[in-house]
Amino acid sequence: MLLVKQLVRVVPCLSSGVAIARGRLQISTGPYTAKLGSTTHRLIRRLSNSYSSNRMDTETYAFGPYKIDPKEVFYSTHLSYAMVNLRPLLPGHVLVCPRREVKRFVDLTADETSDLWLTAQKVGSQLESYHKASSLTFAIQDGPQAGQTVPHVHIHIVPRKGGDFEKNDEIYDAIDMKEKELQQKLDLDKERKDRSMEEMAEEAQEYRKLLS
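What the sequence shown shows, in the numbering used here, is residues 1 to 212, in sequence order.
Keep in mind that a hint or two might mislead.
Each computed DSS-like pair below joins lysine-lysine, with the alpha-carbon atoms no more than 25 Å apart [unchecked claim]:
hint : residue 1 : residue 2
1    : Lys103    : Lys67
2    : Lys161    : Lys209
3    : Lys71     : Lys180
4    : Lys67     : Lys180
5    : Lys103    : Lys122
6    : Lys122    : Lys132
7    : Lys180    : Lys167
8    : Lys122    : Lys161
9    : Lys167    : Lys132
10   : Lys209    : Lys122
11   : Lys67     : Lys209
12   : Lys71     : Lys103
13   : Lys132    : Lys161
14   : Lys122    : Lys71
15   : Lys209    : Lys71
16   : Lys132    : Lys209
17   : Lys103    : Lys180
Just so you know, these hints were derived from the structure itself, not from any lab.
Since we're looking at a predicted model, the values are computed, not measured.
Given these sequences and hints, build the entire structure.
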């Protein structure tokens with residue numbers, strides 16, 4: 001027989017979704033003792049995933065002067081978020097942005113810089129595996145003369161495979177073109193016919209599962 005005396009309180013936490021505050025634990029051994037840890041872990045993980053997903057659906061996200069539909073966001077921390085693309089360059093092409101509206105990379109705080117790249121690292125790793133790619137392109141256009149069209153720092157993440165571009169450097173011209181299309185989309189919503197919100201939300205939901 002297993003006797004457990006434990007006070008467990010689950011509270012929301014901005015950075016990881018769920019934090020656990022627990023009191024003293026007293027356990028008398030029995031045939032089910034070994035199952036306690038794994039069962040508790042699964043319960044906590046389900047609560048964490050549910051909270052994180054619900055949080056993304058109810059929060060607001062800015063991209064320069066524009067508002068981003070929460071359904072397009074598939075990962076977020078208290079300092080950064082990742083969203084799908086309306087017209088991706090290649091499968092898995094996404095954007096990672098700071099939560100705060102920041103025009104130039106130099107204007108990010110140390111914490112924002114660290115969190116932005118840690119988020120990009122985590123997102124890139126999962127999408128490379130998901131799309132069965134073998135490499136990743138990370139690109140920032142820092143300022144108008146560098147090709148930035150939306151005045152908000154963002155990292156392009158593109159999973160790469162052999163032969164996806166005839167010449168590897170062509171991807172940077174393609175990213176420049178996507179930047180221009182991105183501004184047109186945000187200003188005029190011209191490209192909605194190419195990818196519906198339902199398609200983008202479905203893709204974002206798949207990525208949420210990867211990163212939960």
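Consistency of the hints with the structure:
1. Lys103 <-> Lys67: Roughly 16 Å between the alpha carbons, so the hint for Lys103 and Lys67 holds.
2. Lys161 <-> Lys209: holds, 23 Å
3. Lys71 <-> Lys180: Judged against 25 Å, a Cα distance of about 23 Å means the pair holds.
4. Lys67 <-> Lys180: Roughly 18 Å between the alpha carbons, so the hint for Lys67 and Lys180 holds.
5. Lys103 <-> Lys122: The given pair, whose Cα atoms are some 23 Å apart, holds under the 25 Å limit.
6. Lys122 <-> Lys132: holds, 16 Å
7. Lys180 <-> Lys167: Given that 25 Å is the threshold and the Cα spacing comes to 21 Å, the pair holds.
8. Lys122 <-> Lys161: holds, 19 Å
9. Lys167 <-> Lys132: holds, 21 Å
10. Lys209 <-> Lys122: At roughly 13 Å apart (the allowed maximum being 25 Å), Lys122 and Lys209 satisfy the hint.
11. Lys67 <-> Lys209: holds, 24 Å
12. Lys71 <-> Lys103: Holds, at about 24 Å.
13. Lys132 <-> Lys161: holds, 8 Å
14. Lys122 <-> Lys71: holds, 20 Å
15. Lys209 <-> Lys71: holds, 14 Å
16. Lys132 <-> Lys209: Holds. Lys132 to Lys209 sits at ~17 Å (cutoff 25 Å).
17. Lys103 <-> Lys180: holds, 17 Å
No hint from the list above goes unmet by this structure.
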